[in-house]
Amino acid sequence: MLKKLSAQAGTLLIGAIALVFIFGSLTVLDLGTPRRMGPGAFPLIAGGILVILAAVAFVGDMKDRAEHQKVDWRAVVPIVLAVGSFALVTPRFGVLPGAGVCVLIASFAVDALSPLRRAGFVLGAVFGVWLVFIFGLRLPLEAFRGF
Amino acid sequence: MLDNLALGFATATTVSNLLYCFLGTFLGTFIGVLPGLGPLAAVAMLLPVSFYLPPETALVMLAGVYYGAEYGGSIASILLNIPGTPSSSITCLDGYPMAREGRAGVALLVTALASFFGGVFGILVIAALAPLLADFALLLEPADYFAVMLLGLVAASVVSSSGTLRGVMMVTLGVLLGTIGVDVNSGATRFTGGVQDLRDGINLVVVAMGLFGVSEAMFSARGASASYAMEKVSWQRFLPMRGEWLRCLGPALRGSLIGSFFGTLPGTGQTVASSIGYAVEKRVSPNRANFGKGAIEGVVVPESANNAAAQTAFIPTLTLGIPGSTTMALMIGALMIHGVTPGPRLISDHPALFWGLIVSFLFGNLFLLVLNIPLIGIWVRLLRIPHYFLYPTIVVLISIGVYSLDHSLFDVWTMLGFGLLGYVLRLYRYEPAPLLIGFILGPMMEEYLRRAMLLSRGDPMIFLQRPGSAVMIAISVLLLVLTALPGLKRLVKSIG
Chain A
0 MLKKLSAQAG TLLIGAIALV FIFGSLTVLD LGTPRRMGPG AFPLIAGGIL
50 VILAAVAFVG DMKDRAEHQK VDWRAVVPIV LAVGSFALVT PRFGVLPGAG
100 VCVLIASFAV DALSPLRRAG FVLGAVFGVW LVFIFGLRLP LEAFRGF
Chain B
0 MLDNLALGFA TATTVSNLLY CFLGTFLGTF IGVLPGLGPL AAVAMLLPVS
50 FYLPPETALV MLAGVYYGAE YGGSIASILL NIPGTPSSSI TCLDGYPMAR
100 EGRAGVALLV TALASFFGGV FGILVIAALA PLLADFALLL EPADYFAVML
150 LGLVAASVVS SSGTLRGVMM VTLGVLLGTI GVDVNSGATR FTGGVQDLRD
200 GINLVVVAMG LFGVSEAMFS ARGASASYAM EKVSWQRFLP MRGEWLRCLG
250 PALRGSLIGS FFGTLPGTGQ TVASSIGYAV EKRVSPNRAN FGKGAIEGVV
300 VPESANNAAA QTAFIPTLTL GIPGSTTMAL MIGALMIHGV TPGPRLISDH
350 PALFWGLIVS FLFGNLFLLV LNIPLIGIWV RLLRIPHYFL YPTIVVLISI
400 GVYSLDHSLF DVWTMLGFGL LGYVLRLYRY EPAPLLIGFI LGPMMEEYLR
450 RAMLLSRGDP MIFLQRPGSA VMIAISVLLL VLTALPGLKR LVKSIG
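These protein sequence lines are chains A and B, in that order.
Reminder that position 96 of the first sequence reads as 95 in numbering that gives the first Met the number 0, one-by-one numbering, no gaps.
Reminder that position 14 of the second sequence reads as 13 in numbering that gives the first Met the number 0, one-by-one numbering, no gaps.
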């Protein structure tokens, strides 16, 4: 049963999001009247529709034993860490160090990169970021901070 | 009309606008050639670049990126049998067999010419129709607007590659996410969880870059270990044979007509235009037996339809504020960032922007034609670059792009959240593209629904009493029923 449910995780996630919106509309927001609809009315209607649709999709997929793809952790983890490290490094050290760390970690999501090639790629990408965003477009970004 | 076109020429032919138009078409083609990266990713990636430009220049550049990427997608279709964009997948059917026969040069030349033909046709349609539609749109009432948007959402759902039910679910999820932030009517804060950064809602660019950029990298990075190996393109037979020129004319015209029509329908776009164009041509062409085996008509029709639709998709976007496709949704975002509200008053309030943009399409298509024939060799070499450089570069570009929006790290984290959401949805066969259309149209729909209900004193029959909205709602219901019927029958059967 648990395996069957995990195959429906996408549909269940959508249904859960819809329920959060319905709960918020009913408990926190004013629904108003048909003439003067309150801020909660539209999310309640849309959330209700989504819950019904998610239930239909859930039943259909359970009957069809619908397949789903497996999570490729070797790609997902480096990319999540890459974006996260950009967000952590940039405010402390500037955009270029943030970009360097981001490219370095993201490069572990792909195969077939030797250490030398990886280092060259990171340096090239950081130079490219400087060339395009800071030198070329003159965006108000701080290249280095705290040095 | 002539005065307007003169104004458009004056705006489009300034040195900076011409330069950015050229840059847009070049970069768009560059990104479009890379398999997996379509116009949406191209516009999303280059959107931050446009923030620091005047509105006319920004729009001219982004439009160039858009139709440049559409064109670039066809190059990979023909040379590699890998469609750079969904709409160019139809071009694979005959383009790749032509390349296998050593006629890649002919296919690429015909693609460039057919795209130019379709593009110019679409420009003429937009110049003639958009002002009329804008005048007509002034007569529309809130109930009509709501119904048009409903039709747009339904159309976006039914053409979704993941099926109607999943398409409608994605659209509705987008509508729900669009309600986050302060309600403009009451001032009440909705679904922010007390987070101050969410008071203004979630930025469209953040959603788009997360759903498409980050999730695409998560999805494709692992398999991208090498470049696409390919044979050398033979240029010996560059020009079509004598009889083929004449055979191309009818399909180009039919493709342009079909493309122009489907481009104007909100929510459909180029993929529908090129596939319907191909299906129609396959029925009417005297050469139909060769379709799928390298028929030149099979390249001309989808390319002319695709490019005509790319231009006419601007009609609902600019005159009604309703995006014709997901990429158009981003263009609306770009307009709003520059303080321009798309809608019936756009043409009268910003004539230089509107007519300058239309005339720039002409220059953009000309750049595509003149540039791309000699540049085909470069695009072919580009496809040989190892793809393991591609996805880490995309990740860093979109991270910096989102950060530069507002210097907000909250935006970067939110983008990551949407990247994960998009990834999970794709694992479970939910295509995230309709979500973005729902996200854009949702707040507008809510606004018009509330206004219509206020005007009708709470009577929902207003939507059926006005002929315009009644027809739109009827078409929406019909579309939904027709597309959902087979699935519903299966479901009932399986339960029974």
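Because the hints were derived from the structure by calculation, they are not lab data.
One or more hints might be untrue.
[Said to hold, decoys possible] Some, not all, of what chain A presents toward chain B, calculated at C-beta under 8 Å:
#1 Pro33
#2 Leu52
#3 Val70
[Unchecked claim] Just a sample of chain A residues kept apart from chain B, beta carbon distances all over 10 Å, derived:
#4 Arg73
#5 Phe92
#6 Pro114
#7 Phe143
#8 Gly145
Computed from a predicted model, the values in this text were never measured in an experiment.
Every residue gets a Cβ at the ideal spot worked out from N, C-alpha and C, and that includes glycine.
- Can we trust that A/Pro114 is non-interface, i.e. its beta-carbon lies farther than 10 Å from all of chain B? Non-interface label on A/Pro114 holds, nearest chain B Cβ at 14 Å vs cutoff 10 Å.
- For the hint on A/Leu52, just tell me whether its beta-carbon gets within less than 8 Å of chain B. Given a least distance of 5 Å, the restraint on A/Leu52 holds.
- Evaluation of the interface hint that places A/Val70 against chain B, nearest CB under 8 Å: holds (7 Å)
- Grab the minimum beta-carbon distance between A/Gly145 and chain B and tell me whether it stays above 10 Å. holds (16 Å)
- Query: Measuring from the C-beta of A/Pro33 to each C-beta in chain B, is the shortest one below 8 Å?
  - Reply: holds (4 Å)
- Task: Please settle this one: A/Arg73 was flagged as non-interface, so is its CB more than 10 Å from every CB on chain B?
- Result: A/Arg73 not clear of chain B: closest Cβ-Cβ about 6 Å, inside 10 Å.
- Message: Over 10 Å from every CB of chain B: does A/Phe143 meet that, or does the non-interface label fail?
- Response: Non-interface label on A/Phe143 holds, nearest chain B Cβ at 15 Å vs cutoff 10 Å.
- Just double-check A/Phe92 for me: nearest Cβ-Cβ distance to chain B has to come out over 10 Å. holds (13 Å)
Hint compliance for this structure: hint 4 is the single one not met.
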